[in-house]
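Visitor: Sequence:
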Amino acid sequence: MPREKAELVAPCGINCGACSHYLAYSRNIPKKAGKISHCIGCRPRNKQCAYLKKRCNKLSNNEVDFCFECEDFPCERLEHIDERYRKNFNTSPIENLNEIKYDGIDTFLENERKRHGCPKCGGTISIHNGKCYDCEKIESWKS
Numbered sequence: 001m002p003r004e005k006a007e008l009v010a011p012c013g014i015n016c017g018a019c020s021h022y023l024a025y026s027r028n029i030p031k032k033a034g035k036i037s038h039c040i041g042c043r044p045r046n047k048q049c050a051y052l053k054k055r056c057n058k059l060s061n062n063e064v065d066f067c068f069e070c071e072d073f074p075c076e077r078l079e080h081i082d083e084r085y086r087k088n089f090n091t092s093p094i095e096n097l098n099e100i101k102y103d104g105i106d107t108f109l110e111n112e113r114k115r116h117g118c119p120k121c122g123g124t125i126s127i128h129n130g131k132c133y134d135c136e137k138i139e140s141w142k143s
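Residue numbers (our numbering): 1 to 143.
Hint data in this document are derived by calculation from the structure and do not stem from the laboratory.
We put the CB at the ideal spot given by N, CA and C, even for glycine.
Among the hints, erroneous ones may be present.
Using C-beta positions, here's what the derived DEER-type ranges look like [what the hints assert, rightly or not]:
hint : residue 1 : residue 2 : range
1    : Glu136    : Ile40     : 20 to 28 Å
2    : Lys31     : Glu71     : 38 to 46 Å
3    : Gly122    : Lys35     : 23 to 31 Å
4    : Ile105    : Lys35     : 18 to 26 Å
5    : Gly104    : Glu63     : 19 to 27 Å
6    : Gly122    : Pro44     : 35 to 43 Å
7    : Pro44     : Cys135    : 20 to 28 Å
8    : Lys32     : Asp65     : 14 to 22 Å
9    : Lys32     : Glu71     : 40 to 48 Å
Here are the computed lysine-lysine pairs in the BS3-like style, where the Cα-Cα straight-line distance is at most 27 Å [unchecked claim]:
hint : residue 1 : residue 2
10   : Lys101    : Lys114
11   : Lys142    : Lys32
12   : Lys142    : Lys5
13   : Lys120    : Lys101
Construct all of the structure, not just a fragment, from the sequences and the given hints.
Guide: Next comes the structure, spelled out in structure tokens:
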């Protein structure tokens, strides 16, 4: 699996490096309307966090790098995203943020490599659909 990059971890704790839209972009998988879309990640496209930035003054003013740095952590909006990601994708942005806060970004990224590494080819398995974008045929971002 390619080395995960810290700049692909969004302020909300979501690892864009395991996102189906980023994986499609980084693997040059052709776009398909409604099925495969591309994204370079929240931080690289200067969005900081696609889910929270418009609703968070601290993110929009670049006062925090990660949501755990805020005195309101976890805020209601982050809790809503966390609930959705736990239910739909079996991951928790809040747990990710706590891991980054207490263990550091390097440990988090190493654990992400283990969590999302493909046992067949060593590529990256998407958090959104459980498919390896390096060795499986990708028809849609959904499973």
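Visitor: Take the hints in turn and mark each one as holding or not.
Guide: So, going through the hints one by one against the coordinates:
| no. | hint | verdict |
| --- | --- | --- |
| 1 | Glu136 with Ile40: 20 to 28 Å | holds (22 Å) |
| 2 | Lys31 with Glu71: 38 to 46 Å | holds (41 Å) |
| 3 | Gly122 with Lys35: 23 to 31 Å | holds (26 Å) |
| 4 | Ile105 with Lys35: 18 to 26 Å | violated (32 Å) |
| 5 | Gly104 with Glu63: 19 to 27 Å | holds (21 Å) |
| 6 | Gly122 with Pro44: 35 to 43 Å | violated (23 Å) |
| 7 | Pro44 with Cys135: 20 to 28 Å | holds (25 Å) |
| 8 | Lys32 with Asp65: 14 to 22 Å | violated (34 Å) |
| 9 | Lys32 with Glu71: 40 to 48 Å | holds (43 Å) |
| 10 | Lys101 with Lys114 | holds (19 Å) |
| 11 | Lys142 with Lys32 | holds (12 Å) |
| 12 | Lys142 with Lys5 | holds (24 Å) |
| 13 | Lys120 with Lys101 | violated (32 Å) |
Of the numbered hints listed earlier, those contradicted by the structure are 4, 6, 8, 13.
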